[in-house]
Amino acid sequence: QVSAALKEGRVTPTELCQRCLSLIKSTKFLNAYITVAGETALKQAEESEKRYRRGQPLGVLDGIPIAVKDNFNTAGIETTCASNMLKGYISPYNATVVQKLLDQGAVLLGKTNLDEFAMGSGSTDGVFGPVRNPWSYSRQYKEKSVPKSHSEDEESDWVITGGSSGGSAAAVSSFTCFAALGSDTGGSTRNPAAHCGVVGLKPTYGLISRHGLIPLVNSMDVPGILTRCVDDAAVVLGSLAGHDPKDSTTIQDNFKTFELPNLTDVSKFSIGIPKEYHAPGLSSEILSLWSKAADLFKNAGAKVIEVSLPHTRYSIVCYHVLCTAEVASNMARFDGLEYGHRSDMNKSTESMYAATRREGFNDVVRGRILSGNYFLLKQNYENYFIKAQKVRRLIANDFVKVFGSGVDILLTPTTLSDAVPYVEFIKEDNRTRSAQDDILTQAANMAGLPAINVPTGLSERGLPVGLQFIGQSFQEKQLLTVAKWFEKQVKFPMIQLEVKRHDHGAFQHQKSASFS
Amino acid sequence: VLNRRCVEAAVMTGLALNCSINKKSLFDRKHYFYADLPAGYQITQQRVPIAVNGSLSYSLCIDNKMSQMVTKTVRIKQIQLEQDSGKSLHDDTRSQTLVDLNRAGVGLMEVVMEPDMCCGEEAAAAVRELQLILQTLGSSQAVMAEGQLRVDANVSVHHPGEHYGVRTEVKNINSVRFLAKAVDYEIQRQIEELENGGTILNETRAFDSKLGCTVPMRDKEGKQDYRFMPEPNLPPLILYDAKSLPANMNHQQVVNIDWIHERLPDLPSVKRAKLVERYGILPEHSFTLLNEDGLTEFFENVVKQTQMKPKKVIGWILNDLLSYLKQHSLTVKESPVSSFLLADLLNLLEKKEISSTAAKQVLAELWKGEGKTPLEIVKEKKLELIQDQKELEQICQAVIDGQENE
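Top line first, the protein sequences correspond to chains C and E. In this text, residue positions in the first sequence follow full-length UniProt numbering: the first is 1, and each later residue adds one. In this text, residue positions in the second sequence follow full-length UniProt numbering: the first is 1, and each later residue adds one.
Misleading hints may appear alongside valid ones.
Derived DSS-like pairs: lysine-lysine, alpha-carbon spacing no greater than 25 Å straight-line [claimed, not checked]:
#1 K360/E to K246/C
#2 K333/E to K368/E
#3 K351/E to K304/E
#4 K368/E to K387/C
#5 K390/C to K333/E
#6 K30/E to K378/C
#7 K379/E to K352/E
#8 K246/C to K30/E
#9 K274/E to K246/C
#10 K390/C to K23/E
#11 K378/C to K77/E
Note that these hints are calculated values from the structure, not bench results. Note that the coordinates shown come from a computational prediction; the quantities given were computed from them, not determined experimentally.
Chain C with its partners taken away, still in its complex shape (with noise of 0.2 Å):
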């Protein structure tokens, strides 16, 4: 809708980029933004408007703000990672997505927020501190929420925006961008999407270039999208798809750009419900969600039949282990030397490694390093990385057979429960919740498989719940298509907002939810 609009005129670029800054600037609370580039945006902003005056925009994303998670190298902008380490680190050459993205004249903001080194699923880890859900500042949740006494307010009660991509997220859905990059390695861009109430998109691995995403595991990071509906993630999807040769995980054949097709008739659709989704822990909300949306299916003709995936219950150890042992290998190059903070220590080189790297990393991204050093260790490297590569072919094989047999498309649910709020949810370490978090969203990365979390409603407390859909390797485009058409269904209200500043009541019917 934001992209006829600029076609038409009706708004211009640097009208539309200056009010995203300013509503970036309002909702600073929401701290889903460690750099905010505005100058440089502006400038971007001032080419596109150019462009659509002589009537040559580069396409549908001319114009149109966007936002990058800050593990993206973005040449001239400070990229953090969330963490010490890379503190004022800025990058001499842009991540291919980010180059992708500028060359069809999307206008960057500036880098979001999230765990450091995307390890988590909570956004909170991060040294620039917690990301908030912008569900927490809305109408929907204020109104079911228990009465508090004055002196209590809202400081305390928000909620997270699950993670690691809760930044991009949290901005996605508080319109301060149209679209945002996240990373998704065990379910960090799908998580935060179910609790901020937008479409996450995982790819499948290898159709999206991960040059320049600073690496969790390479084995399993993609490049993730969120927007704000399906259509603008099928719209990114196509400008960022396709071979690199900067990576060379990237597929050699070609991307064939598709337009979503606006489907009616899901009767030749067969739809999979993994039985061993149920997990322990599972809200009675989202269980019955599930099962709602399970029946619309049915109602609408597809064939609707419970699946299982065995190994299921094994992934979650399987990735921890796979998981840190690329970690550690990942982050063995932040030594301080040649970029990124370096500790004063100067007695050895050993020692100043040392201690650089206690300074920068937190204990999150330590711990895993241990861990994983030790999954690598000659006398261990069999028992654990070896079974736990074994143990990943199980997991990757229940999807095949599954697939094999007719199923066209898994219905799980994507979180365990809604958004907790911060107090509740810092309770517990990063590594437990992770365990608790990503158990429904992890098979998909140690498959390879293609995944999106569409939000579907909103929980007692007011906060969005989201449904995920697995696809087959390659096969976005079948599910995008399902995922359009159940996004239809729904009708997901939208947000809310209630920023205390402005007052944005008439903003919001002014702005448009999605820019195609």
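Got chain C sorted already, so can you dock chain E onto it with the hints?
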């Protein structure tokens, strides 16, 4: 991202060394912390390298006599592709280390030989032959002094019939000559150590070229766990040959072993055999020709431009030209005497217009590089052979007369 040229170089070298090329090879990360390793790991091929089980033949002179050459073979265990680290320069005066990262990440080819050699001379000859092969293939310039070819020698001693002894690794060898010295020193050192009742430690030692000995360096593999892990960013390397190449595969994307095989240039051993056959020179001569950069070309150019038989030309090339160049530390390319000039001179000799002694004198003049032709020098110095019988008689008579007068 894998460098295609490196893969091709490794395949060429593997084929030249009679290796089996692994159609599928894998990459691994070898982790350790060091200032010259910016990523904290080195990408290498620990599990399945690109080429295995080859051999390298080289020749030695027995008893330092060029006339008796014997051929030996050393087995090649494997060739693997890996990344280079940066360079550390230790500044002891200021207690600091300077790190040069320019070469970090550059592709390396490691050739691992089996312990089939028994002395410094053999090691040197084998490495020399490898250098020639690499230079011929274009895989590397292989100049040791510039670090283009780095050699680490693993040395151990044992009594005949017993198991191989504990080995030490000797590094910091900067030339083929030093390689021979280092190996021989280390062999002696180990023998003496054992004969005095000591033991050999599995350690890394550095060769000190000034003192001509080896000294201990750092502890090697024993204590280090490199935490090998498959490199997740590099898929397995698949190579094809004519049989296995899929029909619709883009040629730009693949490396075809057979295609490379067909385009291999003549290896040194083949070149030498051809020289011997074509020109009738001795095998030892062919070795010297190939050992000197540009000498073969020079020789062949002279042969083309003169009527003198190659068997005779070779003498002039190896004895006169080469020794002069060596005396003045010149390369063939820097020779003030071009093949054209030398051919000219040899033609005069062949036509018997000058004697061979005269020819040597002319050559001495030519070295000055004053731009004169051999003929000009001959005329200037009146070195022409006098063919006229009568004239000769007159001169002899004059000499005899002269003698009588004293």
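- For which of the previously enumerated hints does the structure constitute a violation, in increasing order of number? Hints 1, 4, 5 and 9 are the ones this structure does not satisfy, whereas the remaining hints hold.
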